[in-house]
Every structure is written in structure tokens, then in C-alpha cells.
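K.L.:
Spelled out from the first residue to the last, the chains are:
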Amino acid sequence: MNDLRRGLSVALAIARKDAISELRGRQAAGSTIFFAALVLLLFGFALGPDSQRLALAAPGLLWLAIVFGGLLTMARLHQLEADDGAFEQLALYPVDRRAIYAGKALAGAAAMLVLGGLLLPVVAILYGVPIGGAWLPLLGAVVLGAIGFAAVGTAYAGLTIRMRAREVMLPLLMLPIVAPLLLAAVKATVASLGGDPLGELGSWLQLLVAFDVIMLVVGAGTYGFLLED
Amino acid sequence: MKTRVLGFVAVAAVIGASINGLFVVPADMNQGDAQRIMYVHVASAWIAYASFGVTALAGLGYLVWRDLRLDALALAGAEVGVIFTAFAIWGGMMWGRPVWGVYWQWEDPRLTTTALLLALYIGYLLLRRLTDDPARRAARAAVVGLIAAVDIPIVHFSVIWWRGLHQTPTFGDPSKVLNPSAPLQFVLALLGMLSAFTLVWIYLLIRRYQLARLDWRLEDAARRGRVAAAHGSAMGAASVEEPAR
Chain W
0 MNDLRRGLSV ALAIARKDAI SELRGRQAAG STIFFAALVL LLFGFALGPD
50 SQRLALAAPG LLWLAIVFGG LLTMARLHQL EADDGAFEQL ALYPVDRRAI
100 YAGKALAGAA AMLVLGGLLL PVVAILYGVP IGGAWLPLLG AVVLGAIGFA
150 AVGTAYAGLT IRMRAREVML PLLMLPIVAP LLLAAVKATV ASLGGDPLGE
200 LGSWLQLLVA FDVIMLVVGA GTYGFLLED
Chain D
0 MKTRVLGFVA VAAVIGASIN GLFVVPADMN QGDAQRIMYV HVASAWIAYA
50 SFGVTALAGL GYLVWRDLRL DALALAGAEV GVIFTAFAIW GGMMWGRPVW
100 GVYWQWEDPR LTTTALLLAL YIGYLLLRRL TDDPARRAAR AAVVGLIAAV
150 DIPIVHFSVI WWRGLHQTPT FGDPSKVLNP SAPLQFVLAL LGMLSAFTLV
200 WIYLLIRRYQ LARLDWRLED AARRGRVAAA HGSAMGAASV EEPAR
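Sequences listed follow chains W and D, in order.
Using numbering that gives the first Met the number 0, the final residue of the first sequence is 228, and nothing's skipped along the way.
Using numbering that gives the first Met the number 0, the final residue of the second sequence is 244, and nothing's skipped along the way.
Bound-form chain W, shown alone:
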């Protein structure tokens, strides 16, 4: 019990540190979100001016933009540690590795949530999708997607950050892993926007929950091996 509380406070401290450094160095977080919004704008050009087609494709485009922005977010959160050898410092703390992982994943999930939350209205405006009536299930999908992406991203960013060619290795390793997350999140978004006529929203959200739980468990179990190497 005491261990759990201690682990939790370590995780919160690490997440808080990341949040503060994100907020103080606003440019990096801001430019990632701007980049993702720009991707959405370019999707609009790529798919032509037909507004019906854009509205149909909107859920998929939204999640692709979240994934692309998310890759940058995950890399940035670990770049913080890699600069000045802070990662080694982190590894030397006499605390449970899982608590360090939980802290980094929590910070990552929060950053992803901000990204997704800000992109939702951008999609609504650019592609003419009314999200007002479906904001609760949409928010649920974004929260679950953010957690799952951060769960994988924290492990993989920790793994690639000290590698050669890390800019290409992180997306290369992560994109196939998050494919089921992308699929389920897009399906959940489609279902919530369409009023869920087939009653499938629940299953897709459950799939997201399963993905999140499995990846958090594996990530927490293996992050220690990446810290010590």
C-alpha cells in the first residue's frame, strides 16, 4: 500500500515536471498542434473541395492528424530527458521503474488529450462536421485514444531516443503497433457522429480500453529494461 502511494507520488511528480516544462517552453507544444492542424488543412486540399466527401472522411483524417502530431509529441517528451543526460539521472533514482513509466505516460496522455481536444473543433470547422451533439462519446474516444497512444509511445520513445535515425525509427516502429487503435478510434468516431445506428460504439470503445490496458501493462513491465541500457 505504501509502495503504491509512493509510486503514485513519483509518477505525479514526473508528470508535473513534464507539464511545467511543456507550459514554459510553449513553442514546441504549440508548434506540434499547429503542425497537426496544418495536416488537416492539407488533407482538405488533397481530397478536393467536395464538402460531402470531406465530411465522410473526417473521422479518419482527424485520427491520422492525431497520430502524426502524437509521434512528434512522444519524441519531444523524451527529448527533454535525452538532452543533458537527464535520462541517466532518471534511471539513477531509487524508485520503481514502473512509477517512472507511469509518470512519463501520464504526461504523454495529457499532451495527447490537449492535441486531440484542440483538433476536434478544427475538424468540425474545416470539414463541416457537427460535433456538438456527440461531444461526450467523441471525448471518450479521444481520451482512450490518447491513453493508448501514450502507453505505446512512451515505451517506444524511450527506446529510440538514444538511437541513430530515431526520427524515422519511432514512426516506423509505432505506426503498425497503433494500427488497431487507429481503426477502433476511427470507428468509434464514425459511430458517435452518426448517432450510432448499429449500436457498435460500445464495442469499439471497449476495444480501445483493452488496447490501453494491455499496452500499459507491457509498457510498465518493460520500461525498466530500456532505462538501464
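Careful, some of the hints might be misleading.
[Said to hold, decoys possible] One side only, chain W facing chain D, incomplete, derived with CB under 10 angstroms:
#1 L63
#2 F67
#3 Q88
#4 L89
#5 L135
#6 R163
#7 L171
#8 L172
#9 M173
#10 P175
#11 L180
#12 A183
#13 G220
#14 Y222
No wet-lab data here; the hints were simulated from the structure.
All figures in this text were calculated on a predicted structure; none of them were measured in a lab.
We treat Cβ as the ideally placed atom computed from N, Cα and C, and that holds for glycine.
We have chain W already, so just place chain D on it with the hints.
P.N.:
Below, chain D alone, put in the same frame as chain W:
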């Protein structure tokens, strides 16, 4: 020597199973000769999954026991698995064109799963090439192998929910085993091919494992040589291999 015998036996088995599948077993009533692709396609898909199982378990073993021999086994599994996966996808496309009318069927859960599988393990192999230190490489690879292995079932379930038109598996469904839709001759041809492929698989795993061990000994010797040279030339610094991180 024993491995070489195994190699010859494996090649002979594949030739025998191929002759059986191509000439002895009759063509399928509906799919015609295209159905013969299934013998190699299904066999290589099963072998591919087995390979990635080996990679995941050997990686897990490495994290527990820190024995580089297990890492060599993990590497062998991944590399052989990638080849069989690519072969399975190629065979599936060759079969899909005449039977489904398209090379790529997005609604088919197994095709899309296998494509992602290929991407996952190509990433695994690339990751290995980009890390020089043996222990570090082994640990990173083990983590990636584990995450990929737990991801595969999730991928599989998620794409199944897309509703596919792939035939449901003939094996593993009790009602179909009791009352087989495939004639016994077809089933035996597939099992024969699977056995032959398994022999080839074991042979390749052993050889790739041996090659990895030799490769690393060479790497090790080169590293020591460089360190000795650095000492000899009185440059001082011994760790020329990897810059401090």
C-alpha cells in the same frame, strides 16, 4: 553435419510435398488449380506465426536470463518469420486474383493482419541493425518483440470486426473437424506440406542462429582490435566504439 543432413531431408520433403500437391491431389471443384496455392500459403502463414512466437519467447527469456544465445534465437525467428510472412502474403495475392478477382482484399482480416505483421517485424530487424552494443541491442529488440507479439491478437480481433469474406478456418472448428468440408486427400496434402515446411523452418532457424553467433564473435574481435589499436597508438581513450550518450 547433422544440420546438413536435416537440410537435405527438408529439401527432399518439400519436393515430395510439392509433387503431391501439384500432380497427385486433384484440383478443387470450385477454385480449380488456384486452390493448390493454399498448401504453401497456409503452411507458410503458420510457420510465420510460429517464428514470431519464437522471437517473443526468446526475447522474454533474454530479459530474464541475460543470455545472448537467446537473443541470437530471437533474431533467427524474426528473420525467418519475415521471409515466410512475405511468402504467405505473396501466395495469398496470387490466390486472391483468380478467386476473389483482386490481389488485395481490404475486408479480409487475415490479409491485413499479416501485412501489419510484416511491417512490425521489418521494424524489429531495422531496429537491430541500428544498435551496435550487443546487450543494448538484445534488450531493445526483446522489448519490441514483446510489444509486437501482444499487438498481433489485438490487430487480428480489430480487423475481424470489419466483417471479412475470408473463408473461416477449416481447422479448429469442431463441427468442421467432425464433418470435414475438405476431402481427406486435401487435408493430408496440407499437413504434408506443413511438415515439410517445418523441417525447412527448423533448418533455417539453426543456420541463422549459428550465423548470428559467428557474426557477433567477429564483431567482438573487431571491437577488441580497435580498442587495442587505440591503446597502442597512445591515444588514450579506449572507448572509441560508441560515443558517450
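K.L.:
Take the hints in turn and mark each one as holding or not.
P.N.:
So, going through the hints one by one against the coordinates:
1. A least Cβ separation of about 16 angstroms between W:L63 and chain D goes past the 10 angstroms threshold, and the interface hint is therefore violated.
2. Violation of the interface hint for W:F67 is found here, the shortest Cβ-Cβ separation to chain D being roughly 17 angstroms, above the 10 angstroms cut-off.
3. A hinted interface residue such as W:Q88 counts as satisfied when its beta carbon comes closer than 10 angstroms to some beta carbon of chain D; here the least separation is about 13 angstroms, so the hint is violated.
4. About 13 angstroms separates the beta-carbon of W:L89 from the nearest beta-carbon of chain D, more than 10 angstroms, and the hint is not met.
5. Interface restraint check for W:L135: the shortest CB-CB distance to chain D comes to about 23 angstroms, outside 10 angstroms, so the restraint is violated.
6. Contact between W:R163 and chain D, as hinted, is supported at the beta carbon level, the nearest pair being about 5 angstroms apart and thus within 10 angstroms.
7. Satisfaction of the interface hint for W:L171 is found here, the shortest Cβ-Cβ separation to chain D being roughly 5 angstroms, below the 10 angstroms cut-off.
8. Checking W:L172 against chain D: minimum C-beta separation of about 5 angstroms stays under 10 angstroms; hint holds.
9. The beta carbon of W:M173 comes within 9 angstroms of a beta carbon in chain D, closer than 10 angstroms, and the hint placing it at the interface holds.
10. A cut of 10 angstroms between beta carbons decides the hint on W:P175: the least distance to chain D is about 4 angstroms, and the hint holds.
11. Interface hint at W:L180: satisfied, since its Cβ lies 8 angstroms from the closest Cβ of chain D, which is below the 10 angstroms cut-off.
12. With 10 angstroms as the threshold, the beta carbon of W:A183 comes within range of chain D, its nearest partner Cβ sitting at about 6 angstroms, so the hint holds.
13. For the restraint placing W:G220 at the interface with chain D, the shortest Cβ-Cβ distance is roughly 8 angstroms, inside the 10 angstroms limit, so the hint holds.
14. Hint status for W:Y222: holds, given a least beta-carbon distance of 8 angstroms to chain D, under 10 angstroms.
The structure is inconsistent with the numbered hints 1, 2, 3, 4 and 5, although it conforms to all the rest.
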